[in-house]
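K.L.:
We have chain A already, so just place chain B on it with the hints.
Protein sequence lines correspond, in order, to chains A and B. Here the first sequence is numbered in our numbering, starting from 1 and rising by one per residue. Here the second sequence is numbered in our numbering, starting from 1 and rising by one per residue.
In short, the hints are calculated from the structure, not lab data. Using N, Cα and C, we set each Cβ at its ideal position, and we do this for glycine too. It cannot be assumed that every hint is accurate.
Claimed, not checked - Not the full set, but computed from the structure, chain A residues with beta-carbon under 8 Å of chain B: (1) N39; (2) V42; (3) Y112; (4) T115; (5) S129; (6) R172; (7) E175; (8) L176; (9) D190; (10) A221; (11) P227; (12) A231; (13) L254.
Chain by chain, the residues run as shown.
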Amino acid sequence: MNGHLQADELLMIVAIASYVVGALALLVYFFSREEWLRNLGVPLAIVGCAAQFGQLGVRYALTGIWPLLNLYGSLSLFAAMSVFIFLLMAWRYKAWYAGGFVLALAAIALAYGVTWNEGTMPAVPSLQSYWAKIHVPIVVSSYAAFLVAFVFSVIYLIKYYAERRIALAGTRSGELAAWLDTLPSLPALDVTVYRAIAIGLPLISIGIITGAAWAKEAWGAYWQWDPKETAALATWIVYLAYMHLHTRMSWRGLRTNWVSVAGFMLVIFTYLGVNIWISGLHSYKT
Amino acid sequence: MAAQLDAYYNGFVRTFGNVLFAVSLFVVWGLLTLVGVIVDQGKDAAVYFGSYPAPIARASLRLSFDNVYHSPWYVGIIGLILVSLAVCTFKRVIPARLPPLRPVKIEKIPLHASIEVPGEEAGVRARLEAFFRTRGWQLRTRAFDGTEWTFADKHNWARRGVLVAHIGFVIIAAGTTLYWWKGFSGETVVVTGQSVEIPQTKAIVRLDKFAYTITPVLTKGGLVYQPTDYVSHVTVTGKDGIARPMVVRVNHPIDVDSTLYYQASYGFAMRFKVTHNGKDVPALSQLLLLEGQGLEIPGTRLSLSYDNFVPTVDKTTQMPSADPRVTNPAVVISVANGGASEGTVLAMLHSWIDLGGGWRVVPQSPVLYSGFQYRYDPGIPLVGIGALVLVAGLLISFYFLPARLYARVDPAAGGRWTVGLAATTVKGYDMFDSQFKDLVAEFSAETQGASHR
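In isolation and in its complexed conformation, chain A is listed as follows (with noise of 0.2 Å):
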């Protein structure tokens, strides 16, 4: 069981320490366009993500106990659908670019994730259901399309700024504007933000589904107004708020990345600030 569990943890190392050294090659990547830095970076992301669904597989599989059930699996989950979003975006949309970001904060979100591994518990009996199997990936990868929404949204805000900047200063030259036009436009930005929102709106809304309907079947009512429940839906409701925004030209664009931004701060806290401050039903924190 120890050589089993070393293979678990070996696989964890490995994920994050690609993500870091990924990470910061990106990061570099992010300023200087080094081509080599990119090859680099991107082949790290691929090599931790694997590695995190591999660390998920090999837990459940010598265990029996579904990962996801502490903190310390779900942020696991977490990462890894992050990193998997992005790397399915970057391919899409060359948006390589932003790598450095997602990288670090998985990062992040990984190592913050191991400092809740108790090791392995049977669940309590709420958690015995095959709901678990379904609401919780849904939910968590949710989570990781916002938090991919919310880089690009950043990217497209310092863009913005700095492109004001230059503005004013009336002149558009230098290394600063060299650099801003590396990025895409702002436009292009804007959509790439809401293709990321476009994949967490619907899982989240999924995810609250499932999670009343396995709500039903435990507690006989789809709705509790258990606070994890509610941050969640303030959370659906911040982004059904950005999509109804971003119908509107006037909104779309600077404001409606504030949207994005402020969406994932309450993710944050719905997340992680019920799961830690506030207890509830969804109190599962080891």
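P.N.:
Below, chain B alone, put in the same frame as chain A:
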């Protein structure tokens, strides 16, 4: 009068059909929802005064933030959202799915291009139509003022996505309304060996046995006692009068005459042998108390409350242990005299407690009880269908981009023809920018000798 009503109606439609108004409602809804996450719900007023400064506690109570989800604000805002949803559906969403075929100023649309194509006019038109038709675009031609326009639509059906999502909400609302109208729910507690009758259905539930499993797990942080199973073995007699043995577990409710029974809680019921001057008082000794219940000592102002069961008392510290397995059990009892607390005591089972005046109580062995929730909800199928429709609407809205291309063919110099193309989508121009550029490049490449600007 009619004009005034008309003005009111138009104002109402303008306000409730405005997306920004809907978003403002979302913001208020989201904030109120967050209030309920942060502020403890359904507690006694003293709890709020203990947790917050007095002015904030007072304001929270006055604004119903202690029960925000059932407050007039919360219900009202959801009502306003539903009205806004209905108005938007009929005034914005439904009309938008049938955009009229009409000419546009191609150069004024941000996504536009001009491609010069050699050949006869009829040939150019045929190549234009073939190009889009083979790529799945639905083509229609119309003549306006002697000029023939070609309109190409893709994913036109997906314009209904928002409508479908809105309908999903309405179906969910109908399902939950059906529950409020026809359904019911409740809670009951059954002590091992006893039966209860469910008032709404007259079903009889007898608890034959309740069992729970607690697994000690050595974690990195120390020993943790993890509950891993709660199971009630019951005999249920439904409408047909037949008694059926059934098993209720968490996540595994049972269905009796379409009413579902859920495992909700468990606990330890206690009997306290009560003696007065050494003589048993059977009327009191036979009482079975659930946690939180109490008994009055006759002829005195004394009362005893059974607060909770302690499965294990640490033998070294004589304090309740974290071990939830029953190994060295005790009970916590509060005694009051004339309503004033006389104190709380941790009493081992079968040990006596002297209440004074010759009265003594002795906690006996515990009897397990099981708590059930029951619920009849005829709205379940509707809510399920509504959820599916809602998700389908979201997926259609987000993953299928309805786009319309406007094309006209005009003569150019040198016996060539200019194909003017412009594109609009329901989500603005940026979303379709790269696809439009690809289309133009492909069309230019296919119409050999063509050039575009």
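K.L.:
Each hint should be assessed against the structure and marked as holding or not.
P.N.:
Now for the hints, and whether the structure bears them out:
no., hint, verdict
1, N39, "violated, 24 Å"
2, V42, "violated, 21 Å"
3, Y112, "violated, 16 Å"
4, T115, "violated, 10 Å"
5, S129, "holds, 4 Å"
6, R172, "violated, 22 Å"
7, E175, "violated, 27 Å"
8, L176, "violated, 24 Å"
9, D190, "holds, 6 Å"
10, A221, "holds, 7 Å"
11, P227, "holds, 5 Å"
12, A231, "holds, 5 Å"
13, L254, "violated, 14 Å"
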